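Colleague: Following the hints, position chains U, W and X against chain Y.
As given, the protein sequences belong to chains Y, U, W and X, one line each in that order.
104 is the number that the numbering used here gives to position 104 of the first sequence; each next residue is one higher, with no gaps.
Quick note, the numbering used here runs 1000 ahead of the 1-based positions in the second sequence.
Quick note, the numbering used here runs 2000 ahead of the 1-based positions in the third sequence.
Quick note, the numbering used here runs 3000 ahead of the 1-based positions in the fourth sequence.
To be clear, the hints were calculated from the coordinates, so they are not data collected in a lab.
In this text, all values refer to a predicted model and were calculated from it rather than measured experimentally.
Please note that the accuracy of each hint is not assured.
Claimed, not checked - Reference excerpt, derived from the structure (chain Y facing chain X, CB under 8 Å, subset only):
hint	residue
1	Ile-233
2	Leu-238
3	Val-302
Unchecked claim - Only some residues are given here: those of chain U computed to face chain X with a beta carbon under 10 Å:
hint	residue
4	Gly-1020
5	Arg-1024
6	Ala-1027
7	Gln-1135
8	Glu-1197
9	His-1284
10	Leu-1335
Every residue gets a Cβ at the ideal spot worked out from N, C-alpha and C, and that includes glycine.
4 protein chains.
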Amino acid sequence: MSIPIGVVGFRGYSGVEAVGILGRHPAFESVLLEHRQDAGDDLKLVRKGGPRRITASPDAARAAGIEAVLLATPPEVSMDVTRGFLEAGIKVVDLSGAFRLRTAATYKHWYKEEHTAPDLLAEAVYGLPEYNRGQAKGARLISNPGCYPTAANLALRPLVTAGLVDRAVGVICDAKSGVSGAGRKATLKNSFCEVTENFSAYSILRHRHVPEILLTSNLFEAELSFTAQLIPIDRGILETIYFRAPKGTTSADIVSVYQAQYAEEPFVRIYEAGNVPDLHAVAHTNFCDIGVILDAPTGRAVVVSAIDNLGKGAAGQAIQNLNIIMGFDETAGLL
Amino acid sequence: MSIPIGVVGFRGYSGVEAVGILGRHPAFESVLLEHRQDAGDDLKLVRKGGPRRITASPDAARAAGIEAVLLATPPEVSMDVTRGFLEAGIKVVDLSGAFRLRTAATYKHWYKEEHTAPDLLAEAVYGLPEYNRGQAKGARLISNPGCYPTAANLALRPLVTAGLVDRAVGVICDAKSGVSGAGRKATLKNSFCEVTENFSAYSILRHRHVPEILLTSNLFEAELSFTAQLIPIDRGILETIYFRAPKGTTSADIVSVYQAQYAEEPFVRIYEAGNVPDLHAVAHTNFCDIGVILDAPTGRAVVVSAIDNLGKGAAGQAIQNLNIIMGFDETAGLL
Amino acid sequence: MSIPIGVVGFRGYSGVEAVGILGRHPAFESVLLEHRQDAGDDLKLVRKGGPRRITASPDAARAAGIEAVLLATPPEVSMDVTRGFLEAGIKVVDLSGAFRLRTAATYKHWYKEEHTAPDLLAEAVYGLPEYNRGQAKGARLISNPGCYPTAANLALRPLVTAGLVDRAVGVICDAKSGVSGAGRKATLKNSFCEVTENFSAYSILRHRHVPEILLTSNLFEAELSFTAQLIPIDRGILETIYFRAPKGTTSADIVSVYQAQYAEEPFVRIYEAGNVPDLHAVAHTNFCDIGVILDAPTGRAVVVSAIDNLGKGAAGQAIQNLNIIMGFDETAGLL
Amino acid sequence: MSIPIGVVGFRGYSGVEAVGILGRHPAFESVLLEHRQDAGDDLKLVRKGGPRRITASPDAARAAGIEAVLLATPPEVSMDVTRGFLEAGIKVVDLSGAFRLRTAATYKHWYKEEHTAPDLLAEAVYGLPEYNRGQAKGARLISNPGCYPTAANLALRPLVTAGLVDRAVGVICDAKSGVSGAGRKATLKNSFCEVTENFSAYSILRHRHVPEILLTSNLFEAELSFTAQLIPIDRGILETIYFRAPKGTTSADIVSVYQAQYAEEPFVRIYEAGNVPDLHAVAHTNFCDIGVILDAPTGRAVVVSAIDNLGKGAAGQAIQNLNIIMGFDETAGLL
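Next comes chain Y alone, as it looks inside the complex (with noise of 0.2 Å):
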């Protein structure tokens, strides 16, 4: 007897791609819940034999017998429809960047926006299960991590906390996502021909995912310089990180902190020092790959962090987290 699993925005590339992990997942199913008012048919996505969909209400999904959903919506359909789910009873994984900051200033400062359910955001436990998955077992609001700092935190936090970057040099993250990471919806930008045989910037220094990046690596804005590009792919994250090291550091020597943190992590692989990862090496899967380059002399670092922005980036992130707090085991579906 499978557990049923609510999706909202299941149209959405992080909600296909969350419907079809929960398709093979071991103990869950998946129910669509129907948020949209002027949905049409799309039986495009959503095929017979699929999931059954329901309304996207509390009482409905509470009727289904659903005890947890998945958010695959923006922040301001997330900050409005949590507190009805949590109040019937029901956890909460949210994937977007609803609750992924502390509070309802700094969440204004980066998204322009004003936070609409910020009493919320002190029981929110970001969902970055390396790191708090002690926390997150017992929670019933997880804020899954956004797929840009999911790749740049896995790589930085180990360093900043062995003291490896010279924090007086700062970090540069050059970070490189495929275009389903903007979301599936019509806009010039996003349109193929805009799209193909290109390569852009944006939101250079002022992309929303820095402070969730701050806030886990320990470092200062001041000591981050972050760009977001676009690659002309469907799906996939990859960093480039530079920092300068200590003297006397080898690149054995950082390959050995990162095994050191993730030796017992079924989704983080480090690579042996001298050797990056692609985006193929992490295409559909829930994994994160992280490789060194040291120039010793110097202390030139450059780090490679990789994931599917659909997989550890988000969907897969997601599920990981709902088997934490359903009880599971971790890699439940997921490997």
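Modeller: Relative to the frame of chain Y, chains U, W and X by itself:
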């Protein structure tokens, strides 16, 4: 001293292409005719040192010394503005489908909307120079052919005329186009993630370009099966055309028919028997390349016809027509 | 306890796909059978925690407890190694074209080389489960169908059988494939810059998959025009099939024939009349999706058939066949 | 009457591009110099009506009236043939890395092979016209800059010269290139399926273009971290450059430095502060576009520099150099 040529719809893919060709043209220069009321700043497409920009009114155009305009606009806009330019003594090359069919009724049947300038249909010359350049010379209104029909008609008309097509069996035209053929606009269907790693058929047997193919190829609708399909590329049209040749026909016979028809044509290239073009052969050119494969014993014949949909399929052919009506060498700016 | 399944050719695209499916299979696990003498290190494809790797000899395979092998190899390799595995009591599912035709002479005619194991041709069962699963059940050698023929035959055979195809007019199969269908190897023709922004036809009327289509569809060569074409994508096959239906036929009639044939088939999906699949509908699945467009007054019919060339067109169908010969549910690991 | 210009390596991507530009040049025409012994027929790239083809010998070139040649060849070929052309009185613009560094030892260090014509190094003029056009005017051997260094140096040199870069913190140059930068050859790494939907870094901190950047930018190796990365596109280079600006610097200050340096340059375009180029802005042009983002309070600065790697990064700049050494307007054929 360059002759100023107005371009309406200069932000669209055909318009940008036309402005680019005019920039390399020995006798013309482009003037951007602003038609949109809501036009903001769009420096990214039109840079300093580039062409002048004025309002798209016949008076402003005449004041700027413009003798001819290219309309790279949707049919409803072309139907709306053509009369004004003509009455101001300005010649018009229209790239839309507004004036390609012969009657308002046929237009309504295929375009599903009323024709708002039906009296201009009789005057418009269908600008496929390989067949109509004589008529085009004195015209003041040229209807530039559609992209699919250009590739289809240059391949089909000589075959039908020469009696090489078994009309009882009929003709299949399996057509594939790059995404720029759909125009520059925000639609979910043409967004990057929906198109990349995909291939899709649309308007099967019902595409609005069908009547244009029938008119020039002299086939009846019942004799032609036409399918339009989207390739995940920016530009290019390749049509794979199937028919049955009479017993005894050789591939050399078919190639000879083409060579006889197009020997003097600067923009039609015929391949040796057994060879067919790909899209790279015609990218960023005004050529139409045609090749033939025949299984002589059975008469099964395959013709491949390739163009750049923004070149010979739109802006290139429009400049070719402009050269004709303005009395210049037909190839000026195009080789 | 998982049953070990050997995979020869595990570095190729079909091999990688097969290893991936086996990794999610409830009853099997893969063992990599190393066939290349010059095999270097290739950690990027085969990571730690992944499958065992042993030499591709029948003895080693038997020692490893392997009961069946998948050959994701070129036909010359498959002809070379099949007998050894069979004699060692190991069942073989061959993904190459080595055993798909009935005689060595036909093989030589289409593949342009001698067949080196002609005595095995009679024994090999052509593994299109929708038609041959009965025969396949007891077989020790399954010849996995080609990618193009799978999409063509599932669409064509019911139509031909039902007499819905005017054979005097013939059938056109305009086929398009992603580049992974050409295998994993270094060729200029398949290098990125030659393929991207391109579209090209090859082996027109002469593709080696033609005889396979004829055998299953029951068409004669003179009745079928088949063109293979390269789409600039990784994976997917879409075939646009044209024929003339008898007077009085409706599209509902054709859909009914398909539904009658495939009602119980887990991997064939029929679309409502007037709708056709695109490649995203079948990507990363074992489905074959089929849709029909008909112009009833003239009988002009278009069928679109779509598969993932690495799924139902290769590795997916191979696992389906493996499930059959090993006595498991045919869908295990594939939904 | 056109002046014949020889092109060696006319089948490669830079060679094809050079032949294309020469075809539109008002004063030059190209002559294909056949260097390969095994050259077969390759009509697809060189069509009838196109340029003459002769043997790539200095004698044949002189007999054909050739005054200058472009070498679009690998460095080992360029080192091999340059002397012969020079001795025949024929000027050489070499697009390879053969003559870009100052000593044979530096060449060996970065290119990992012996320099076979070290005596020509002193004579070769590094053809970055924005800095060296004076020297280039009288030269008989021009070493055309590398693609990555062209984008990097045009952006970096004015900043370093103006003291706007905190050299203690150093400079990060995160560079991305289309696949044509790797040349036209059959490699598995550059085959379509390996590149599409991928993004990968290579030669991190060790790319052979690094010394060229150091020479012109006046940075030391310890001050520069350079990463080369492959975008799944045909053409284009975008470099995201990070540095720390002195306290009190504004983005307007940086833009002013660029404008002062490049005000009269026909091929360098500076964006208004806060705007950066993408690759579509420079595709199929000889432009280098540069934009600046600065966080004034912290001095964190990001410069984006974009070129077409086959334009300003190779063939375009080679024609610009050819214009210089042949005494023509530097922009002839390039606008």
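Colleague: Holds or violated: is the Cβ of Gln-1135/U closer than 10 Å to a Cβ in chain X?
Modeller: violated (28 Å)
Colleague: A closest beta-carbon separation below 10 Å is what the hint needs, so does Leu-1335/U meet it against chain X?
Modeller: At about 8 Å, which falls below the 10 Å cut-off, the nearest Cβ of chain X leaves the hint on Leu-1335/U intact, so it holds.
Colleague: Does His-1284/U meet its interface restraint, that is, does its C-beta lie within less than 10 Å of any C-beta in chain X?
Modeller: holds (7 Å)
Colleague: May I ask you to test the interface hint for Ala-1027/U with respect to chain X, counting a Cβ-Cβ separation under 10 Å as satisfied?
Modeller: Not OK, violated: Ala-1027/U not within 10 Å of chain X, min 14 Å.
Colleague: Go through the hint on Leu-238/Y and say holds or violated, using the shortest Cβ distance to chain X against 8 Å.
Modeller: holds (5 Å)
Colleague: At a threshold of 8 Å, is the proposed contact between Ile-233/Y and chain X supported by beta-carbon distances?
Modeller: holds (5 Å)
Colleague: Grab the minimum C-beta distance from Arg-1024/U to chain X and call the hint holds if it beats 10 Å, violated otherwise.
Modeller: holds (7 Å)
Colleague: Under the criterion of a CB-CB separation shorter than 8 Å, is Val-302/Y in contact with chain X as hinted?
Modeller: holds (5 Å)
Colleague: Glu-1197/U was flagged as interface toward chain X. Is the shortest Cβ-Cβ separation under 10 Å?
Modeller: holds (7 Å)
Colleague: Hold the hint about Gly-1020/U up to the distance rule: shortest CB distance to chain X must be less than 10 Å.
Modeller: With a closest approach of 9 Å, the Gly-1020/U hint holds.
Figure legend: structure checked against the earlier numbered hints; hints not met, in rising order: 6, 7.
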